[in-house]
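Number of protein chains: 2
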Amino acid sequence: MNSVHFTAETSANGVIERDFTLGELTGALWSPASGAGRAPLVLLGHGGGNHRKSPAMVGRAERLVTNGGFNVAVIDAPGHGGRPRTEYDEREIAVMQRAMAAGEPVGPIVRRYNAHLAERAVPEWQATLDALQELPEIGADGPVGYFGLNMGTAIGVPLTAVEPRVTAAVFGLFWPETLVETARRISIPIEFALQWDDEHIPREAGLALFDAFASKDKTLHANAGRHKELPRFEADSAVRFFVRHLGGAAGPQG
Amino acid sequence: MNSVHFTAETSANGVIERDFTLGELTGALWSPASGAGRAPLVLLGHGGGNHRKSPAMVGRAERLVTNGGFNVAVIDAPGHGGRPRTEYDEREIAVMQRAMAAGEPVGPIVRRYNAHLAERAVPEWQATLDALQELPEIGADGPVGYFGLNMGTAIGVPLTAVEPRVTAAVFGLFWPETLVETARRISIPIEFALQWDDEHIPREAGLALFDAFASKDKTLHANAGRHKELPRFEADSAVRFFVRHLGGAAGPQG
Numbered sequence: 001m002n003s004v005h006f007t008a009e010t011s012a013n014g015v016i017e018r019d020f021t022l023g024e025l026t027g028a029l030w031s032p033a034s035g036a037g038r039a040p041l042v043l044l045g046h047g048g049g050n051h052r053k054s055p056a057m058v059g060r061a062e063r064l065v066t067n068g069g070f071n072v073a074v075i076d077a078p079g080h081g082g083r084p085r086t087e088y089d090e091r092e093i094a095v096m097q098r099a100m101a102a103g104e105p106v107g108p109i110v111r112r113y114n115a116h117l118a119e120r121a122v123p124e125w126q127a128t129l130d131a132l133q134e135l136p137e138i139g140a141d142g143p144v145g146y147f148g149l150n151m152g153t154a155i156g157v158p159l160t161a162v163e164p165r166v167t168a169a170v171f172g173l174f175w176p177e178t179l180v181e182t183a184r185r186i187s188i189p190i191e192f193a194l195q196w197d198d199e200h201i202p203r204e205a206g207l208a209l210f211d212a213f214a215s216k217d218k219t220l221h222a223n224a225g226r227h228k229e230l231p232r233f234e235a236d237s238a239v240r241f242f243v244r245h246l247g248g249a250a251g252p253q254g
Numbered sequence: 001m002n003s004v005h006f007t008a009e010t011s012a013n014g015v016i017e018r019d020f021t022l023g024e025l026t027g028a029l030w031s032p033a034s035g036a037g038r039a040p041l042v043l044l045g046h047g048g049g050n051h052r053k054s055p056a057m058v059g060r061a062e063r064l065v066t067n068g069g070f071n072v073a074v075i076d077a078p079g080h081g082g083r084p085r086t087e088y089d090e091r092e093i094a095v096m097q098r099a100m101a102a103g104e105p106v107g108p109i110v111r112r113y114n115a116h117l118a119e120r121a122v123p124e125w126q127a128t129l130d131a132l133q134e135l136p137e138i139g140a141d142g143p144v145g146y147f148g149l150n151m152g153t154a155i156g157v158p159l160t161a162v163e164p165r166v167t168a169a170v171f172g173l174f175w176p177e178t179l180v181e182t183a184r185r186i187s188i189p190i191e192f193a194l195q196w197d198d199e200h201i202p203r204e205a206g207l208a209l210f211d212a213f214a215s216k217d218k219t220l221h222a223n224a225g226r227h228k229e230l231p232r233f234e235a236d237s238a239v240r241f242f243v244r245h246l247g248g249a250a251g252p253q254g
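Protein chains in written order, with my numbering: chain W, 1 to 254; chain R, 1 to 254.
Read the hints as simulated data drawn from the structure, not as lab findings.
Don't take every hint at face value.
Identical copies go unnamed one by one, so any copy, or any two together, can satisfy a pair.
Unchecked claim - In silico EDC-like pairs for lysine to aspartate or glutamate, Cα to Cα no more than 20 Å straight-line:
1) K53 / D76
2) K228 / D198
3) K228 / D217
4) K228 / D197
5) K53 / E134
6) K216 / D198
7) K216 / D197
8) K216 / E199
9) K216 / E229
10) K53 / D19
11) K53 / E24
12) K228 / E104
Every value quoted in this text rests on a predicted model; they were computed, and no experiment measured them.
Only chain W is shown next, with the shape it has when bound in the complex (with noise of 0.2 Å):
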């Protein structure tokens, strides 16, 4: 299972995307058209309930190609984007629908099971990452920089903890209890976005989580607005913050 193996391949726009397998992962891997050597990789961790190629993920992916001419993968999470579930992710998910219809508070929940998906999604990442290095256009010594908000930010906190090829992450719209006591043991350049008036994360606990982080380097921003009100304008500031600390094929915007 230590090979990818590309299932798809489309082009539009200056931007190769192509689906690929590793073992029983599946994802999708974006690339500049113009194939100028090698590039930085991004890796973009995507939210619960979502999956590879989500739009969020198609449009990140897109912006980090076009304007930082990054190479940026994807993969589905356990039990996310087709992958088969186990009786646990079952018996969870139920909980935390019952939880949403009945107008309960979902945070703890989402918590622990997004740990417990961390768990299994923490060697997959590294795997995948294994493999892709093995690509002509990525290489085993190209910078490695992580992009993932709210179950992103659950997988990518502990990846980054124990995983030193990834030398900068942007991260977000996540609680602390989980995730502090690995913030700590983190000191790559941090991007890190919470949402002023979250719905879901109180303001202070927010600003906890950002708080834990060991890097010298590392900026918050917050934005007036909900939990799912997260500016647009934030997808470009990430390709920025990798432009600066990855290197990258600076385009227009950077």
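We have chain W; now place chain R onto it with these hints.
Okay, now just chain R, sitting in the frame of chain W:
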């Protein structure tokens, strides 16, 4: 005293810099050398003890002209940049310098003195804006932004609260005590910078001032580091903020 009088002009790298006087006021105006018709105006407020052509002002002005296509104006604050000091100015500056030399907190003195300077500076800015809007490259109905940190915020918040021509503003690096009530009356788009490890302004104080703005569209940028360590890339962020909200002939970074 109602027309600007240009006293010097230089030009370099596509930017024209003109010194001007307006009665007893002294200012500087930066514009695109291409002279491509009218462009929005950004007012810059300098920091305490500084002046219209300090390195921060020149650097921000050049970025705003080059990457946003804006006209950019700065005036020396009362008692700054060679303008005469009153006895009150001399007394407050002496008190502040004694506190600094003794390692005592300067916040209470800075807040009090800057609130006083704002009362003198706001009508000066309004007269300057009247006069600048008579210039053909600016015009009476073009968009106007304001960008000022530290004392530039202490003056800019009360200016923005009473000046409907200012429709977008970048503030930051100031305490809330003297500004919160005024900030609550401001609802234009705001970008606000604070330093996460500011040795003068407690974190909660900076957050409280950001929180006070009534704006539906507001963004906080909090960077790790001490009071004077605001990263250079925040100036580029301000340019993009003004491009989003004032329009402007978006340059390479637009």
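Hint check:
For a Cα distance limit of 20 Å, the shortest separation of K53 from D76 inside one copy, 9 Å, qualifies, whereas the shortest one across copies, 53 Å, does not. For the identical chains of this complex, K228 and D198 are intra-copy neighbours only, at 8 Å inside a copy versus 30 Å across copies, given an alpha-carbon limit of 20 Å. Within a single copy, K228 and D217 get their C-alpha atoms only as close as 26 Å, which misses the 20 Å cut-off; across copies the closest is 15 Å, which meets it. Taking the shortest alpha-carbon separations for K228 and D197, only the intra-copy value of 10 Å comes in at or below 20 Å, while the best inter-copy value is 29 Å.
Taking the shortest alpha-carbon separations for K53 and E134, neither the intra-copy value of 23 Å nor the inter-copy value of 53 Å comes in at or below 20 Å. Proximity of K216 and D198 under a CA criterion of 20 Å is satisfied inter-copy only: 14 Å between copies versus 26 Å inside one chain copy. In this assembly of identical chains, K216 and D197 lie within 20 Å of each other by CA distance solely across copies; the values are 10 Å between and 27 Å within a copy. In the homo-oligomer, the alpha carbons of K216 and E199 lie at most 20 Å apart only across protomers (16 Å), although the nearest pairing inside one protomer, at 30 Å, exceeds that limit.
For the identical chains of this complex, K216 and E229 are inter-copy neighbours only, at 11 Å across copies versus 28 Å inside a copy, given an alpha-carbon limit of 20 Å. Taking the closest pair of Cα atoms, K53 and D19 come within 20 Å of each other only inside a single copy of the chain (10 Å); across copies the shortest separation is 54 Å, beyond that limit. Taking the closest pair of Cα atoms, K53 and E24 come within 20 Å of each other only inside a single copy of the chain (17 Å); across copies the shortest separation is 62 Å, beyond that limit. Taking the shortest Cα distances, K228 and E104 sit within 20 Å of each other inside one copy (18 Å), while across copies they are farther apart (44 Å).
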